[in-house]
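**Student:** Chain residues, written in single-letter form:
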Amino acid sequence: MLHTGGLAVTESGPGRTRSHVNGPLIVQSDKTLLLEVDHELAEACRRAIAPFAELERAPEHIHTYRVTPLGLWNARAAGHDAEQVVDALVEYSRYPVPHALLVDIAETMARYGRLTLSKHPTHGLVLTSTDRPVLEEILRSKKVQPLVGERIDADTVAVHPSERGQIKQTLLKLGWPAEDLAGYVDGEAHRIDLAEDGWSLRPYQKQAVDGFWHGGSGVVVLPCGAGKTLVGAGAMAQAKATTLILVTNTVSARQWKHELVKRTSLTEDEIGEYSGTRKEIRPVTIATYQVLTTKRKGIYPHLELFDSRDWGLIVYDEVHLLPAPVFKFTADLQARRRLGLTATLVREDGRESDVFSLIGPKRFDAPWKEIEAQGYIAPADCVEVRVNLTDAERLAYATAEAEEKYRFCATTATKRKVTEALVKKFAGQQILVIGQYIDQLDELGEHLDAPVIKGETSNAQREKLFDAFRNGEISVLVVSKVANFSIDLPEATVAIQVSGTFGSRQEEAQRLGRVLRPKADGHQAHFYSVVARDTIDQDFAAHRQRFLAEQGYAYRIVDADELLGS
Amino acid sequence: MGIGELDREAHVPEATSAGAAPRTLAEALRARGDEGLAALLRARPDLLSPVPNDLTQLATRAGTRGSVVRALERLDRFALQTAEALAVAPDPAPYPVLLALLAGDEGDPAIEAALPGAVALLREQALVWGEDDRLRLVRTARELLAPSAQHPSPTGLGPTVAEATAGMSPGRVQEIIAAAGLSATHDPVSAVAALTELFTDRARMGALLDEASPEALSVLDRLVWGPPYGEVTANPAPPVRWLRDRGLLLPVSARTMVLPREVALHLRGGRAHRAPEPVAPVVEVAREYRPQVVDSAAAGQAYTALATVEELLKSWDQGGPQVLRAGGMSVRDLKRTAAALDVTEQVAAFWLELCFGAGLLASDGEADERYAPTPAYDDWLDLPPAERWARLVAPWLTATRTAGLVGGQDAKGRTLAVLGPDLDRAAAPEVRHRVLELLATLPPGAAADPGTVFARLRWERPPRGAAQPVPPRAPQAAAGTDETTGTGTGTRPEAHGDLRSRLARWALAEAELLGLTGRGALASPARALLNLPLAEAATPTDHGGRVELSVAAGRAATLLAPLLPEAVDHVLLQADLTAVAPGPLRRPLADALAVLADVESKGGATVYRFTPGSVRRALDSGRSASDLHDFLAAHSRTPVPQPLAYLIDDVARRHGHLRVGAASAYVRCDDDTVLGEILADRRSAALGLRRLAPTVLAAQTDPASLLEGLRSMGYAPAAESAEGDVLVTRADAYRTPARTAPAPVPEGPPVPDTTLLGAAVRAIRAGDRAATAVRKEPAAPVASAGGLPRTSAAETLATVQAAAMTGTAVWIGYVNAEGAASQRVIAPVRVEGGFVTGYDHTADEVRTYPLHRITGVAELADDQV
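Top to bottom, those sequences are chains A and B. Offset between the first sequence (1-based) and the working numbering: plus 768. Offset between the second sequence (1-based) and the working numbering: plus 105.
Hint data in this document are derived by calculation from the structure and do not stem from the laboratory. Glycine included, C-beta positions come from ideal geometry on N, C-alpha and C. Honestly, I wouldn't trust all of these hints.
To be verified - What follows is a set of in silico ranges between Cβ atoms, one per label pair, in the way DEER data are often shown:
#1 B:385 <-> A:834: 44 to 52 Å
#2 A:922 <-> B:346: 48 to 56 Å
#3 A:1217 <-> B:726: 48 to 56 Å
#4 B:761 <-> A:834: 32 to 40 Å
#5 A:851 <-> B:178: 44 to 52 Å
#6 A:900 <-> B:302: 31 to 39 Å
#7 A:900 <-> B:211: 39 to 47 Å
What the hints assert, rightly or not - Dumping the calculated DSS-like pairs for lysine-lysine here, alpha-carbon to alpha-carbon at most 25 Å:
#8 A:1063 <-> A:799
#9 A:1249 <-> A:1232
#10 A:941 <-> A:887
#11 A:887 <-> A:799
#12 B:517 <-> A:799
#13 B:517 <-> B:707
#14 A:1030 <-> A:1047
#15 B:419 <-> A:799
#16 A:1030 <-> B:419
Said to hold, decoys possible - The following residues of chain B were derived to be distant from chain A, with all beta-carbon distances above 12 Å:
#17 222
#18 299
#19 309
#20 473
#21 566
#22 622
#23 687
#24 711
#25 754
#26 758
#27 773
#28 827
#29 906
#30 926
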């Protein structure tokens, strides 16, 4: 029934909610919000809808936000109520907002917080409900039954402390997300201070740290190059407790260590690295996802790391890449503060809900463009270079096996020529050539007379090359996808992508991130993608670039002939 | 009913002297002014078809069962309660008696105020006649409403003492008299009268009941508000015995006792109804919005409605789903439509019925019947949005088809299909109109509490289900829970009782979907729509009404137009290959863009995405790349992003690169001059040759004719096989395709096998037994010398009706269910529902004959009776 539905949407008194006749926002029936960015009220509107709507696409004129249950619950967790959400929509909407959508928003938001997890003085962890039928409904679920203990009273049921994460995950799947008010253990105290000598946290980093600390646990979303490590350091300085940091790979672990020593009162000896090569456990320990998820004889031998100390804070770097087993361990760590850091909540595997229930709701987020506008990341010029396959290559491409096709068109010889031309064009600047296929990279390295970093390159060698690149001793570096994540190349101003992991949008964002750090000399960053025309390479590129275009990085298309000719 | 008890009301009266109280309904009608008669005919239009010859006939018709039932159904709750009270009152009843029955012994100012109106209404509708001192309920109404063992009274009262003791032995009556402490009389009639007098005397009755044990009183308590009947054992308990002995309970049968009406009335404090409802429930305000908010929400929904209808019918552009053999659309197709529109099946059914009702979609009538948009749809598309909306809303208001029933089951348990038969509910337009009118009684911007709307509607037309002897509150409560659980889908067999409530609920939901209401409050365009008398809106056949409605719809459209989003003529193009139309697009632009790009998101704005596929579609439809560039440049507020221009050029570059066509044969020759010669030769024209490449000609003729033709032109062509070898022509033997040899066809049927034989013998034996069995009944009766009378059906009906009215006997020819014909002489008493009931002189009893079995009627010569 349309007219009933227990609508909690109340009409505010006259004057308070005014809808603009020509507002910047258009509410679509599929729950996307279109924001006209050139509108005078666009900024105010963006601020009003940001708490509950995820920015999905940010091309040049109209930004698309999406209202999802997770987004609405994130807003609830951040203390917003349905009325604020509805007000924001009604106030800025250009056209009347469909009533059904408002009702739906109110109902969805009302689902959060009906169930709360809290500490009971005698019964330990308990699940309490303000709405008895909801409790009855979820207790009848087969998935919930093994997770709960005895019924304490009509509104309360005991929960096995070990199932705190499990039950949050399960309840979210049932559509009744529980608010976790059970608190955290302080962990083993360890003095950590920020060493703000000659630098300080940027305002948005400070906001992110505060947002996280106030919320208890959760995720901070910042674009690549916006200084997520410092947000982590800031959180540690707040917690002043032993910290476990989970990162994607060893290079990234070293980076973290380097940064922490530089930016905090921590010394080299206080920070341990727990990776394939070293197994140190110190007050602050940095571990890689890889070592944690190593399985031997069906068990995860490195799990004890989580219990080896009384951690007060756990930091997850690149949450969107968190491997599935880590979720499982995380479920058991619900009593400890958790900070997730990421550039995007979009996971290619669609496990956003696990991030929400196990690490926590989004606590802070700032779009790329905004931080770019503040001058913290460099503006980038994105160019797609289209190369033609030669006739012989076209025939070979047409007859190639399906699984070989991409490799074939991605490694066409013309790409090498284009790359050479580009390197020549930007001679003197720090250039990264990024690719997927080792043969192609080796060949490029040979022709460009540049070192190649690939999977087999030792960590010591990698760091040596990175240092050299950083110091400007070498200006061109050819890297495989091992360099996708968390390496810090402050002076790279040009990135040339010759092949990629099919259509991964993640990868595109990360690679762009390589050139986005602010340049000392204010140079504009360039991001080139070399793509073979009329092949699946072009299709994949289109998919990847769509992501960039949606992030507001308008790209140009250039014909290879144009480049080679000039 | 005997023949002697002719309808007093209809009986042709002798001329009445002016001023005297009317003795019959006909007389009462005759005494009315013209306005009074007009009011009657307006309230009960069924009396008019056909127009009665005189007032006697009008009175007769007003007393027929069908008409009275209809009139009773249209009464509001208090008028009905008044009629019910009259039915349990003495006949005729003076006004004070009626008032006491309704207001009880204590009286009730509200009822005292409302009763004159209710009586006047009943009188106007010719359900009650007579002056205030002698109010008479029309006999048929009395029969319908008075308590009897077969159908319990809505009041929950039982028969009177006189009725209940009618079959009792005088001795038993005397025993009761004695037990009740009355002096014995020898005459049973006066004994009953004495008992009645006791029961109606509050003081003496009070004294009598003071003696009753608490158990006995609790027995009475159980029966007092009905049903008044109770089961007893052969050996009743002492309290029941005590009541029975004093006549406070009277036996109906060996096992059943009844509480006499007078006793019940005493216990009820004189009230016929537990809860008289003299005042209509008020429609309450659930929430108030600013009128602009309501209008804008409604306009938003109105716009959504238009978009939905367009989307639905556009998806059927190439032919919609199949029509089921029994009519309507299959459940699967409905599901698919619902999924496509992203709504529930109920809502999808509503949109489908709306389009159907507005004449925008229909069955194509082909052998393989499908639904498709009608030509009217194309006209509709050309209208401005507000007009389009009016064209949807006006038919909705008057439609009897009811989408809410879809998915439910009819009386035979068949699922009701959307667009299928049996969805018409005559009450629907009136309920819809009434619901909107009730909303219109609230101030602008106020949303009604739906529960109070339903309560009001139930009061205005109490559902027949409430005629059960249960407290009048109960059905409301039941309906209330029904409504909160939202079982409006009608999965259970449809009960007439709550149909109006369900119609009202659907009307509210549908009004919201159409944008007549916004946030549950009536929007201003809808108010304009309602600005016309109900009668005109409710009868679509009435020409005048239709014009009125269209005028009102036009007014509503004018009010709506400024509220709808204004059409825009531009889009914003973006580098992520999307185009955003920041509002509804002008039609030609929207159509062109829909070809060039895929719609990604709809609502106030439309988001289009350009893909290679969509661009190819545009090229296929005959646009060139430069057309597309120009089109985008012309309609974009922003520069065309380079990636989009590249996309179009990329697709256009490859579009049409490969060409496909059909040819029947080809000519190839390494020497292209020879082919040039052939083409230049005028004789080759008939071969349909076309040069595909310097060395290849394609022909439209088959290879054999082509060879023949070329040979006749003096060339020496050779035929080529599919592999390109030259075919050598040899004198091959001609063969048919593989064939089976013919099977032998023996003369006569094949010899049957034993199984078949056995079965045949059994069948023959069974038939034989059936044929030779001795029958109990004799064969067809002998027709009389004169044969059966034969008259037309209309004539038959008229004659028996006249005979029923005058009480004369007629001669009929009758064919019974076995097909046997007979002639009978009957004196018709009642003609209704296709049956004539009358005293059959031939059989010497009262019998009922179906009219369709009567072959004919003839009046009797006087001496024959």
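**Student:** All hints are to be evaluated individually against the structure, with a verdict given for each.
**Tutor:** For each hint, the structure was consulted:
1. At roughly 49 Å, the beta-carbon separation of residue 385 of chain B and residue 834 of chain A lies within the given 44 to 52 Å, and the hint holds.
2. Judged by the Cβ atoms, the range 48 to 56 Å given for residue 922 of chain A and residue 346 of chain B holds: they are separated by roughly 50 Å.
3. Residue 1217 of chain A and residue 726 of chain B have their C-beta atoms about 53 Å apart, which keeps the hinted 48 to 56 Å range intact.
4. For the hinted restraint 32 to 40 Å between residue 761 of chain B and residue 834 of chain A, the CB-CB distance of approximately 39 Å keeps it satisfied.
5. A beta carbon spacing of about 46 Å between residue 851 of chain A and residue 178 of chain B agrees with the range 44 to 52 Å that was offered as a hint.
6. Between residue 900 of chain A and residue 302 of chain B the beta carbons are some 60 Å apart, a value that contradicts the proposed interval 31 to 39 Å.
7. Evaluation of the 39 to 47 Å hint for residue 900 of chain A and residue 211 of chain B yields a pass: the beta carbon distance comes to about 44 Å.
8. Proximity of residue 1063 of chain A to residue 799 of chain A is assessed by CA-CA distance (about 42 Å); at most 25 Å being required, the pair is judged violated.
9. Straight-line distance between C-alpha atoms of residue 1249 of chain A and residue 1232 of chain A comes to about 18 Å, which keeps the hinted pair within the 25 Å bound.
10. Between the alpha carbons of residue 941 of chain A and residue 887 of chain A the distance comes to roughly 23 Å, so the proposed pair stays at or under 25 Å and holds.
11. As the CA atoms of residue 887 of chain A and residue 799 of chain A are separated by approximately 37 Å, the hinted pair breaks the 25 Å bound.
12. Of the pairs offered as hints, the one joining residue 517 of chain B and residue 799 of chain A is violated, with about 43 Å between alpha carbons and a cut-off of 25 Å exceeded.
13. About 42 Å separates the Cα atoms of residue 517 of chain B and residue 707 of chain B, which puts this hinted pair outside 25 Å; it is violated.
14. A C-alpha spacing of about 22 Å is found between residue 1030 of chain A and residue 1047 of chain A, which places the hinted pair at or below 25 Å, so the restraint holds.
15. Of the pairs offered as hints, the one joining residue 419 of chain B and residue 799 of chain A holds, with about 23 Å between alpha carbons and a cut-off of 25 Å not exceeded.
16. With a C-alpha separation of about 64 Å, the suggested pair residue 1030 of chain A and residue 419 of chain B falls outside the 25 Å cut-off, and the hint is violated.
17. For residue 222 of chain B, the shortest C-beta to C-beta distance to chain A comes to about 32 Å, beyond the 12 Å cut-off, and the non-interface label holds.
18. No beta-carbon of chain A comes within 12 Å of the beta-carbon of residue 299 of chain B; the shortest separation is about 59 Å.
19. Even its closest Cβ contact with chain A, about 55 Å, leaves residue 309 of chain B beyond 12 Å, as expected for a residue assigned away from the interface.
20. Listed as a non-interface residue, residue 473 of chain B keeps its Cβ farther than 12 Å from every Cβ of chain A; the least gap is roughly 34 Å.
21. Residue placement check: residue 566 of chain B keeps its beta carbon more than 12 Å from all beta carbons of chain A (closest about 21 Å).
22. For residue 622 of chain B, the shortest C-beta to C-beta distance to chain A comes to about 7 Å, within the 12 Å cut-off, and the non-interface label is violated.
23. At roughly 6 Å from the closest C-beta of chain A, the C-beta of residue 687 of chain B falls inside 12 Å, breaking its exclusion from the interface.
24. In this structure residue 711 of chain B is not separated from chain A by more than 12 Å, as the shortest Cβ-Cβ distance comes to only about 9 Å.
25. Distance check on residue 754 of chain B: its Cβ comes as close as 10 Å (rounded) to a Cβ of chain A, failing to clear the 12 Å threshold; non-interface status is violated.
26. Not every C-beta of chain A lies more than 12 Å from that of residue 758 of chain B, the closest at about 9 Å, which undercuts listing it as non-interface.
27. Every CB of chain A lies more than 12 Å from the CB of residue 773 of chain B, the least distance being 25 Å, so the non-interface label holds.
28. Look at residue 827 of chain B: its CB is around 24 Å from the nearest CB on chain A, clear of 12 Å, so calling it non-interface holds up.
29. Interface exclusion of residue 906 of chain B from chain A stands, the closest Cβ pair being 49 Å apart, more than 12 Å.
30. Residue 926 of chain B, annotated as away from the interface, keeps every beta carbon of chain A farther than 12 Å; the closest lies near 60 Å.
Taken one by one, the earlier hints fail for this structure at numbers 6, 8, 11, 12, 13, 16, 22, 23, 24, 25 and 26, listed in ascending order.
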